[in-house]
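Letter by letter, the chains look like this.
4 protein chains.
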Amino acid sequence: MPTKGEIEAFLATAFTRFDSTIVAVGNRGATVRREIGEAELRPGGTVSGPTLMAMADLALYVAIFGEIGIVPMAVTTNLNINFLRKPVANAAIVAVCKLMKVGKSLAIGEVSLYSEGDDDPVAHVVGTYSIPRNHQEKIKE
Amino acid sequence: MPTKGEIEAFLATAFTRFDSTIVAVGNRGATVRREIGEAELRPGGTVSGPTLMAMADLALYVAIFGEIGIVPMAVTTNLNINFLRKPVANAAIVAVCKLMKVGKSLAIGEVSLYSEGDDDPVAHVVGTYSIPRNHQEKIKE
Amino acid sequence: MPTKGEIEAFLATAFTRFDSTIVAVGNRGATVRREIGEAELRPGGTVSGPTLMAMADLALYVAIFGEIGIVPMAVTTNLNINFLRKPVANAAIVAVCKLMKVGKSLAIGEVSLYSEGDDDPVAHVVGTYSIPRNHQEKIKE
Amino acid sequence: MPTKGEIEAFLATAFTRFDSTIVAVGNRGATVRREIGEAELRPGGTVSGPTLMAMADLALYVAIFGEIGIVPMAVTTNLNINFLRKPVANAAIVAVCKLMKVGKSLAIGEVSLYSEGDDDPVAHVVGTYSIPRNHQEKIKE
Chain A
0 MPTKGEIEAF LATAFTRFDS TIVAVGNRGA TVRREIGEAE LRPGGTVSGP TLMAMADLAL
60 YVAIFGEIGI VPMAVTTNLN INFLRKPVAN AAIVAVCKLM KVGKSLAIGE VSLYSEGDDD
120 PVAHVVGTYS IPRNHQEKIK E
Chain B
0 MPTKGEIEAF LATAFTRFDS TIVAVGNRGA TVRREIGEAE LRPGGTVSGP TLMAMADLAL
60 YVAIFGEIGI VPMAVTTNLN INFLRKPVAN AAIVAVCKLM KVGKSLAIGE VSLYSEGDDD
120 PVAHVVGTYS IPRNHQEKIK E
Chain C
0 MPTKGEIEAF LATAFTRFDS TIVAVGNRGA TVRREIGEAE LRPGGTVSGP TLMAMADLAL
60 YVAIFGEIGI VPMAVTTNLN INFLRKPVAN AAIVAVCKLM KVGKSLAIGE VSLYSEGDDD
120 PVAHVVGTYS IPRNHQEKIK E
Chain D
0 MPTKGEIEAF LATAFTRFDS TIVAVGNRGA TVRREIGEAE LRPGGTVSGP TLMAMADLAL
60 YVAIFGEIGI VPMAVTTNLN INFLRKPVAN AAIVAVCKLM KVGKSLAIGE VSLYSEGDDD
120 PVAHVVGTYS IPRNHQEKIK E
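Residue numbers (numbering that gives the first Met the number 0), protein chains in the order written: chain A, 0 to 140; chain B, 0 to 140; chain C, 0 to 140; chain D, 0 to 140.
Among these hints, one or two may not hold up.
Which bits of chain C does chain D cover? Going by a derived footprint, with three or more residues having C-beta under 8 Å, they are [unchecked claim]:
id	segment
1	14-22
2	29-40
3	47-58
4	75-83
Short, incomplete list of chain A residues facing chain D, as computed with Cβ under 8 Å [as the list claims (entries may be wrong)]:
id	residue
5	N79
6	N81
7	L83
8	M99
9	K100
10	I107
11	H123
12	V125
13	T127
14	P131
List time: in silico EDC-like cross-link candidates among lysine to aspartate or glutamate, alpha-carbon distance up to 20 Å [claimed, not checked]:
id	chain 1	residue 1	chain 2	residue 2
15	D	K97	A	E66
16	A	K100	D	E7
17	C	K3	C	E34
18	B	K100	C	E34
19	A	K85	A	D117
20	B	K97	C	D119
21	D	K97	A	D119
22	A	K100	D	D119
23	D	K100	A	D119
24	B	K97	C	E66
Derived from the structure by calculation, the hints contain no laboratory data. Ideal placement from N, C-alpha and C gives every residue a C-beta, glycine not left out.
My request is simple: use the sequences and hints to build the entire structure.
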């Protein structure tokens, strides 16, 4: 399976704006982290919802790569987010994904998002990815 | 109630990266539009999921402003997105929101997202915003 | 494609407790109706949430049958419900499903639920069904 | 806070069909269990989706009672379920709820559902309840 570095290298190439780092990947999970600056804030001096959604979506993508290899064409089919608490403006966001199922065609996981240094999650996500039947587009490792 | 221009002026001030335009607002709904460039794409030459989520979240925010005025502290509490079809890379995305309920403390709406010029939606969202009890933070018009 | 009566006959056989009737099916949609009695109520003199969830799930199942035939092994993979207003205790519930996508392996639709005679929906559902690749178990018409 | 027996007594009175037992309640969580018979099955010899939805909704209701007392008018506002594996027909279903947030007006929790005796969940739910501002309708303990 791909290393953290290999997945980061793929993501940096695949996305024009890739602002996160992978803290950990493997064991049916992944943790990603993103510094928060002005561009990620919204009224109220808090992190914007779309920033949290994007991080959760990324954490799922990385966790799936950790299980089946780098499959760029894995795509989100459903994502459900609940916002629980107001994130602080001056801490990074950490997204911790645990996969609940990795099937042949679908993978489902949950993601808890935190303001770094705080144990109470700011948001919770459940998301489903569709895995292409044929991993021919898979980057060989 | 605020005009399209007043809401756009607020959004341009409130967000560092505000890349959308408001096509219409009012009658318990809103339509927003965003040009798609390299920064919004993902592997497969299609629009990234987080771009669609961000636009749906924005369409809900704008539609609510059209009903209760510009209330910056309205915040998303839940958002559920289903991806239906692959958006094309070379068309703008248009998000059409219809509110289903505007209560005292919660507003709920659905958003259909389209590749401009195509009648079949690429994604569908249902989202809930929490409206602060006290609109003191409301910008006066 | 199967008629309303054929689908009702299948459902009455397949489920021990089948308490609904099919009002309409076809054109990528379905409408189902259920009388409300003591067994469907919850504290507050209103229809219980699970009653509404079950009806939405059924409306999706019937709508899919209307498109691809009676495929008993079509199964729900995701269902998201938002409760909008309190249903009245003394009216039937009517669930109106519109399919948004009927693909080879997934079908996605939305369902609006009403207290019969009232135009404002009491709940809104988006649900996804997985369609078995091979409709061998499909009942021939 | 109410005991398991007090909550069961309330539920048996409040619902005509109350087919579950409370295994545990407290510590921001609850576990409920239901025997599976013919009435809970669907085509394929598996437990019906609405049975799982109803149990998840109940587990949330009970878990909230364990935190704030028996508040009958707590009502679901959103529920999202993902089906992960096919439940077996001949085992009870066990639903384990953990609350993620218990605020003044909203409580949010997740529920993992199992075929009794199997460690892999058959379904996963995230749900939100609205808590009435004024617990006057709360049953005194």
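Cross-check of the supplied hints:
1. 14-22: Coverage by chain D holds here, the residue count being 3 at a Cβ distance below 8 Å.
2. 29-40: holds (count 3)
3. 47-58: With 6 residues close enough to chain D, the hint holds.
4. 75-83: Holds: 8 residues of the segment 75-83 of chain C have a Cβ under 8 Å from chain D.
5. N79: At 5 Å from the nearest chain D Cβ, N79/A passes the 8 Å test, so the hint holds.
6. N81: holds, 5 Å
7. L83: holds, 5 Å
8. M99: holds, 6 Å
9. K100: holds, 5 Å
10. I107: holds, 5 Å
11. H123: With a minimum Cβ separation of about 6 Å from chain D (threshold 8 Å), the hint on H123/A holds.
12. V125: holds, 6 Å
13. T127: holds, 7 Å
14. P131: Violated: closest Cβ of chain D sits about 20 Å from P131/A, beyond 8 Å.
15. K97/D <-> E66/A: violated, 27 Å
16. K100/A <-> E7/D: violated, 33 Å
17. K3/C <-> E34/C: With a Cα-Cα distance of about 18 Å, the restraint between K3/C and E34/C holds, given a limit of 20 Å.
18. K100/B <-> E34/C: Since the Cα atoms of K100/B and E34/C sit roughly 25 Å apart, the hinted pair is violated (cutoff 20 Å).
19. K85/A <-> D117/A: Distance ~12 Å between K85/A and D117/A Cα, so the pair holds.
20. K97/B <-> D119/C: At roughly 14 Å apart (the allowed maximum being 20 Å), D119/C and K97/B satisfy the hint.
21. K97/D <-> D119/A: holds, 14 Å
22. K100/A <-> D119/D: The hint holds at about 9 Å.
23. K100/D <-> D119/A: holds, 9 Å
24. K97/B <-> E66/C: With Cα atoms ~27 Å apart, K97/B and E66/C exceed 20 Å; violated.
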